[in-house]
Amino acid sequence: MRQHYDEMGSAATMKSIFRLTAIFSLLSAMLITGCQSAGSNGSNQKGDTGASSSSPAASQSSASSQEETLEPVKLKYYFYGAAKPGDEAVYDAMNKILKEKINTTVEFVKIPSNGDYTQKMTIMVNAQEEFDLAFTSPSYFDYFANAAKGSFVDITDLLPKYAPQTYAQFKPEIWNAAKVNGKIYASINQQIFARQSGFVISKPLADKYQFDPTGVTKQSDLLPFLEKVKAGEPADTTDQLYNAQMKNHVFSYFYPYYEWETIGGSDVPGVASSVLDQPKVFNEYDTPEFKEFILTNAEFQMKGLIAKDALTRPTFDASKYAASSMATLMPGIEETVKKTYKAEQYIIPLGDPILTTPNAIATMTAVSATSKHPERALMVIELLNTDKELYNLMVWGIEGVDYEKTGDNRIESLSGSTYGPAPGWMFGNQFNSFVSGTQPDDVWTQTKELNETAKVSKLYGFNFSPDSVKTEIANTSAIVNEYKAAFNTGMYGADTEKIYAEFLSKLKAAGVDKVLQEKQKQVDAFVAQKQ
Numbered sequence: 383m384r385q386h387y388d389e390m391g392s393a394a395t396m397k398s399i400f401r402l403t404a405i406f407s408l409l410s411a412m413l414i415t416g417c418q419s420a421g422s423n424g425s426n427q428k429g430d431t432g433a434s435s436s437s438p439a440a441s442q443s444s445a446s447s448q449e450e451t452l453e454p455v456k457l458k459y460y461f462y463g464a465a466k467p468g469d470e471a472v473y474d475a476m477n478k479i480l481k482e483k484i485n486t487t488v489e490f491v492k493i494p495s496n497g498d499y500t501q502k503m504t505i506m507v508n509a510q511e512e513f514d515l516a517f518t519s520p521s522y523f524d525y526f527a528n529a530a531k532g533s534f535v536d537i538t539d540l541l542p543k544y545a546p547q548t549y550a551q552f553k554p555e556i557w558n559a560a561k562v563n564g565k566i567y568a569s570i571n572q573q574i575f576a577r578q579s580g581f582v583i584s585k586p587l588a589d590k591y592q593f594d595p596t597g598v599t600k601q602s603d604l605l606p607f608l609e610k611v612k613a614g615e616p617a618d619t620t621d622q623l624y625n626a627q628m629k630n631h632v633f634s635y636f637y638p639y640y641e642w643e644t645i646g647g648s649d650v651p652g653v654a655s656s657v658l659d660q661p662k663v664f665n666e667y668d669t670p671e672f673k674e675f676i677l678t679n680a681e682f683q684m685k686g687l688i689a690k691d692a693l694t695r696p697t698f699d700a701s702k703y704a705a706s707s708m709a710t711l712m713p714g715i716e717e718t719v720k721k722t723y724k725a726e727q728y729i730i731p732l733g734d735p736i737l738t739t740p741n742a743i744a745t746m747t748a749v750s751a752t753s754k755h756p757e758r759a760l761m762v763i764e765l766l767n768t769d770k771e772l773y774n775l776m777v778w779g780i781e782g783v784d785y786e787k788t789g790d791n792r793i794e795s796l797s798g799s800t801y802g803p804a805p806g807w808m809f810g811n812q813f814n815s816f817v818s819g820t821q822p823d824d825v826w827t828q829t830k831e832l833n834e835t836a837k838v839s840k841l842y843g844f845n846f847s848p849d850s851v852k853t854e855i856a857n858t859s860a861i862v863n864e865y866k867a868a869f870n871t872g873m874y875g876a877d878t879e880k881i882y883a884e885f886l887s888k889l890k891a892a893g894v895d896k897v898l899q900e901k902q903k904q905v906d907a908f909v910a911q912k913q
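Numbering (this note's numbering), first residue to last: 383 to 913.
Simulated from the structure, these hints should not be mistaken for lab results. As the structure is a prediction and not an experimental result, all values here were calculated from the model. One or more hints might be untrue.
The calculated lysine-lysine pairs, modelled on DSS-like cross-linking and capped at a C-alpha distance of 30 Å, are [what the hints assert, rightly or not]: (1) K561 with K880; (2) K662 with K903; (3) K565 with K590; (4) K492 with K565; (5) K903 with K837; (6) K502 with K590; (7) K502 with K456; (8) K840 with K890; (9) K466 with K673; (10) K840 with K612; (11) K466 with K610; (12) K531 with K502; (13) K662 with K502; (14) K531 with K880; (15) K531 with K890; (16) K456 with K837; (17) K896 with K492; (18) K456 with K466; (19) K702 with K492; (20) K502 with K840; (21) K903 with K754; (22) K830 with K600; (23) K561 with K612; (24) K561 with K531; (25) K492 with K754; (26) K561 with K478; (27) K662 with K840; (28) K600 with K531; (29) K770 with K830; (30) K903 with K492; (31) K770 with K787; (32) K492 with K724; (33) K466 with K590; (34) K690 with K720; (35) K466 with K896; (36) K600 with K492; (37) K590 with K458; (38) K754 with K502.
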């Protein structure tokens, strides 16, 4: 079996931070670095990420100039995750590097769980709360919606100046995927772009109950296995057998398998069949696939296979899961899921890897429109992409405390670590990460190759303009958000089918058909332009 991996958003007034005597030399050095890097870029083939090598000497020279000329600044950076006792020691070590290189310190703030993250960040944005950096994507803290309404700084011109190597590591076609009305509002994190759906299933439990996982192609195929585990294992270990803690977007995990592509954000109804020569837009919620998905969730919930408090429980014990759906499979997944679920897992891929526009920008870092220091925020992004020591501190923690080196680029986590490791795909350039456990030494080379050889969507590079249907998008998205968490965790139980009909009726009244028509119109124009 191939190896795979899971993974698994009005601009503030710019304040000059450079001394007049140094600004021209600093910017010139950075621009030259960016031009030298970008100069090697050619045309994009099969989703080539266009990684390039900027001059380390030029980067060090720029860092030295910045250290001399930048005033001290403190930034605030939000992302999702569970805070741990050892976090502050790691952040102190990171801030020592940031202070030395760009005279900056950062307050790193974790917000638990994906659902809470989106909700809390939306509240902050609506309240115009001041912060500087935040994780965003089409699925979490919706990149497209927040860019369109002015929550993020337009960094189209700032990226080449303040994050030149980050900008140069992707070809123009990749950056085009991030554009909203022709502008870039977040920096793309370098990681797996191709997506492949799948499941992970506990190997010890599957072996114990003689379950053959190779025949699993949909969630309902797991029912006989999960029922046996429920009946045969102690009650205190079977309260959350199926992983539904990702309560907002688990249905979208199957989009690569269905060969569907989101358009304009995952909360906005209307996806496209992305591999057809003439892609068709349809309401993904009014499909047999979605109906089966929510009815299966309801059955799981009624049989006690999904946590009864899945909507409110702040943390989950991943070692209790017998099965989970996965959004992304890629090289090295075996080691990642083993650490996550505290046991070996069977990896069950669904379909083939595919590269779509939303997948290319699946994880991003945005600069808040309330930031007083957008330039400095971009310098932090630059260092998370280019400084391996800083990046690996963020992801793995402190050597000798949280992990030990077992090779030049290989580590093993220490059992006494109290740091909550950050997912490598959530920040900077994951290809700078250490490898561990059973991950092959060339895992990142394999990942790059997968990005470049995956099937490419016919809509790759397409960006939807929501301007003509803003009201309908706001109304339909609100309805999706009203129902989706309960649908995804089976909380409607025996009433699911009745409530599903109510849900579809509300979408209709909110203008979903107008949204679908506008999406189809723009898709048709994009396809015609490419022919």
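Here's how the hints hold up against the structure:
Proposed proximity of K561 and K880 is contradicted: the alpha carbons are some 39 Å apart, above 30 Å. Proposed proximity of K662 and K903 is supported: the alpha carbons are some 10 Å apart, at most 30 Å. Annotation: proposed proximity of K565 to K590 is violated, straight-line Cα distance about 54 Å (limit 30 Å). About 28 Å separates the Cα atoms of K492 and K565, which keeps this hinted pair within 30 Å; it holds.
Distance hint between K903 and K837 is fulfilled; the C-alpha atoms sit about 24 Å from each other, no more than 30 Å. Note on K502 and K590: the hinted pairing is violated, with a Cα-Cα distance of about 42 Å set against a maximum of 30 Å. As the CA atoms of K502 and K456 are separated by approximately 22 Å, the hinted pair is consistent with the 30 Å bound. For the hint pairing K840 with K890, the CA-to-CA distance comes to about 28 Å; that is within 30 Å, so the pair holds.
Distance hint between K466 and K673 is unfulfilled; the C-alpha atoms sit about 39 Å from each other, more than 30 Å. Proximity of K840 to K612 is assessed by CA-CA distance (about 44 Å); at most 30 Å being required, the pair is judged violated. Distance hint between K466 and K610 is unfulfilled; the C-alpha atoms sit about 35 Å from each other, more than 30 Å. At roughly 17 Å between alpha-carbon atoms, K531 and K502 fall within 30 Å of each other, so this suggested pair holds.
Under the criterion of a C-alpha separation no larger than 30 Å, the hint pairing K662 with K502 is inconsistent with the structure, at around 34 Å. Distance hint between K531 and K880 is unfulfilled; the C-alpha atoms sit about 35 Å from each other, more than 30 Å. For the suggested pair K531 and K890, the alpha carbons sit about 24 Å apart, so the restraint of at most 30 Å is met. Of the supplied pair hints, the one linking K456 and K837 is violated, its CA atoms being roughly 43 Å apart against a limit of 30 Å.
At roughly 38 Å between alpha-carbon atoms, K896 and K492 are farther apart than 30 Å, so this suggested pair is violated. Proposed proximity of K456 and K466 is supported: the alpha carbons are some 22 Å apart, at most 30 Å. For the proposed pair K702 and K492, the alpha carbon gap of about 24 Å is at most 30 Å, so the pair holds. Proximity of K502 to K840 is assessed by CA-CA distance (about 35 Å); at most 30 Å being required, the pair is judged violated.
With a C-alpha separation of about 39 Å, the suggested pairing of K903 with K754 is violated against the 30 Å cut-off. For a cut-off of 30 Å, the pair hint linking K830 to K600 stands: about 28 Å separates their Cα positions. With a CA separation close to 47 Å, the supplied pair K561 and K612 exceeds the 30 Å bound. Restraint check for K561 and K531: the C-alpha separation of about 14 Å stays at or below 30 Å, so the hint holds.
Restraint check: the Cα-Cα separation between K492 and K754 comes to about 21 Å, which is no more than 30 Å; the hinted pair holds. Pair hint K561 plus K478 does not hold up; C-alpha atoms about 34 Å apart against a cutoff of 30 Å. Proposed proximity of K662 and K840 is supported: the alpha carbons are some 11 Å apart, at most 30 Å. At most 30 Å may separate the alpha-carbon atoms for a hinted pair to count; K600 and K531 exceed this at roughly 37 Å.
Pair hint K770 plus K830 holds up; C-alpha atoms about 18 Å apart against a cutoff of 30 Å. Using a Cα cut-off of 30 Å, the hinted pair K903 and K492 is violated, with the two alpha carbons roughly 40 Å apart. Note on K770 and K787: the hinted pairing holds, with a Cα-Cα distance of about 14 Å set against a maximum of 30 Å. Note on K492 and K724: the hinted pairing holds, with a Cα-Cα distance of about 23 Å set against a maximum of 30 Å.
Annotation: proposed proximity of K466 to K590 is violated, straight-line Cα distance about 34 Å (limit 30 Å). Restraint check: the Cα-Cα separation between K690 and K720 comes to about 25 Å, which is no more than 30 Å; the hinted pair holds. Under the criterion of a C-alpha separation no larger than 30 Å, the hint pairing K466 with K896 is inconsistent with the structure, at around 46 Å. For a cut-off of 30 Å, the pair hint linking K600 to K492 is broken: about 33 Å separates their Cα positions.
With a CA separation close to 48 Å, the supplied pair K590 and K458 exceeds the 30 Å bound. Proximity of K754 to K502 is assessed by CA-CA distance (about 21 Å); at most 30 Å being required, the pair is judged to hold.
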